[in-house]
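Chain B: place on chain Z using the hints.
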Amino acid sequence: MYIDPHVHMVSRTTDDYERMAIAGCVAITEPAFWAGYDRSSPKGFHDYFSVLTDTEPKRAAQYGIAHHTWLCINPKEAEDPVFAREVIDIIPDFLERENVLGIGEIGLNKNSRNELEILEAHLQLAADHDQMVLVHTPHLEDKRKGTRLIMDAIRNHGVIDPNRVLIDHVEEHTVRDVLDRGFWAGMTLYPDTKCTPQRAADIFEMHGTDRLWINSAGDWGPSDPLAVPKCRDEMRRRGHLEATIRKVSFDNPKEFLSQTGRFRTDVQPTR
Amino acid sequence: MSIEPPSLPLSRSEVVDRYFLEHRAKVLDIAAFLDRVDRAKGGTEEDDFRVRSLRASISLLLDGDGDRTKRILDLLSDPSDQPIDKAPMKGATGAWDGFEGDAEGSTG
Numbered sequence: 001m002y003i004d005p006h007v008h009m010v011s012r013t014t015d016d017y018e019r020m021a022i023a024g025c026v027a028i029t030e031p032a033f034w035a036g037y038d039r040s041s042p043k044g045f046h047d048y049f050s051v052l053t054d055t056e057p058k059r060a061a062q063y064g065i066a067h068h069t070w071l072c073i074n075p076k077e078a079e080d081p082v083f084a085r086e087v088i089d090i091i092p093d094f095l096e097r098e099n100v101l102g103i104g105e106i107g108l109n110k111n112s113r114n115e116l117e118i119l120e121a122h123l124q125l126a127a128d129h130d131q132m133v134l135v136h137t138p139h140l141e142d143k144r145k146g147t148r149l150i151m152d153a154i155r156n157h158g159v160i161d162p163n164r165v166l167i168d169h170v171e172e173h174t175v176r177d178v179l180d181r182g183f184w185a186g187m188t189l190y191p192d193t194k195c196t197p198q199r200a201a202d203i204f205e206m207h208g209t210d211r212l213w214i215n216s217a218g219d220w221g222p223s224d225p226l227a228v229p230k231c232r233d234e235m236r237r238r239g240h241l242e243a244t245i246r247k248v249s250f251d252n253p254k255e256f257l258s259q260t261g262r263f264r265t266d267v268q269p270t271r
Numbered sequence: 272m273s274i275e276p277p278s279l280p281l282s283r284s285e286v287v288d289r290y291f292l293e294h295r296a297k298v299l300d301i302a303a304f305l306d307r308v309d310r311a312k313g314g315t316e317e318d319d320f321r322v323r324s325l326r327a328s329i330s331l332l333l334d335g336d337g338d339r340t341k342r343i344l345d346l347l348s349d350p351s352d353q354p355i356d357k358a359p360m361k362g363a364t365g366a367w368d369g370f371e372g373d374a375e376g377s378t379g
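So the sequences go chain by chain: Z and B. Just so we're aligned: 268 in the numbering used here is position 268 of the first sequence, and the numbers increase by one with no gaps anywhere. Every number in the numbering used here is 271 more than the matching position in the second sequence, counting from 1.
Hints were generated in silico from the structure; no laboratory data involved. A virtual CB, placed ideally from N, CA and C, is assigned to each residue, including glycine. Be aware that a few hints might be false.
[To be verified] Covered, in the sense of this in silico footprint (three residues per stretch, anywhere, with C-beta under 8 Å from a C-beta of chain Z), are these stretches of chain B:
1) 277-288
2) 334-345
3) 350-356
[Said to hold, decoys possible] If we take Cβ atoms under 7 Å as the criterion, some of the chain Z residues that face chain B in the derived model are:
4) Pro81
5) Asn111
6) Glu117
7) His139
8) Leu140
9) Glu141
10) Asp142
11) Arg144
12) Lys145
13) Glu172
14) Glu205
15) Arg211
16) Arg236
17) Thr244
18) Arg246
This is chain Z alone, in the form it adopts within the complex:
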């Protein structure tokens, strides 16, 4: 039994839900993200948020998977602050939907001033509505700088409790800083551009298992919706205790996400 706390199922087929369920997935969370193209109007986001709060929960429930979501405009579409603020303005209309856990995945992409302005606007939105936060950190060469800028922005905001923030896509050069500043941290298991299951297991061995989880971030690019069970298998092959494997793939995400009061793992298959 496991939780995949970051996966973009709008980009995946129903077959993936079935495969994940067979592999033991009981719950997922799906942050709003860049769909591979820029949406041309806030109405496009309204439709997207409707999919995340209505269509996907029903699709997941067919296979006994509890679906949850986070809402935002992704930093890849934040270079136009006027447009981004128009999207942010419609988010409160969705915050009372029962599968919404908070604001995410917000953060930075290329570490620009406009992205930072919109990150700060999202943090204010989270504070105004007492929402938890899921953070996207930049890719590759931009990650270390962006992770630091994001953590500084949250600290400078002053209202957001780090224990209610998960900073995702950490790797060996960012994980220690994130944990030391009191945040939760997520490792994304990607074939090329983030952590492999082996490196994630290494990081657990070097940095411990507290406030740290794994996710697939399966989406429309090279990614694997079964990456979490593959990392569990890697840890099992190394001889780690079942309690350790359960902690990083079930207990930790459940503990963090349960702070919302909306997280559940008990959906019966509806098909």
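Leaving out everything else, chain B in the frame of chain Z:
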């Protein structure tokens, strides 16, 4: 309840037995990539910050110190600390385009 950080349960020989062939193949892939760059026409490898960064990363593998993964990720990272004025693109290249190091691993 907090569980103690799990140490690697495998012995050194078990790690080698289990992972050697996989990483032998990865080293050969790197060698083949650098040979391919050499064989390709047009430009020079010195013109490309990504290849320079990769050669410098390889030298870190052999310097005898630990934390290799972190140090290579640091080498490939943008070292600046201020936001840029405008995002030039959505994607990332995998290496910092201002890298001026050389094949010996100097970061300039």
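Hint by hint, which ones does the structure fall short of?
Failing hints, ascending: 4, 6, 15, 16, 18.
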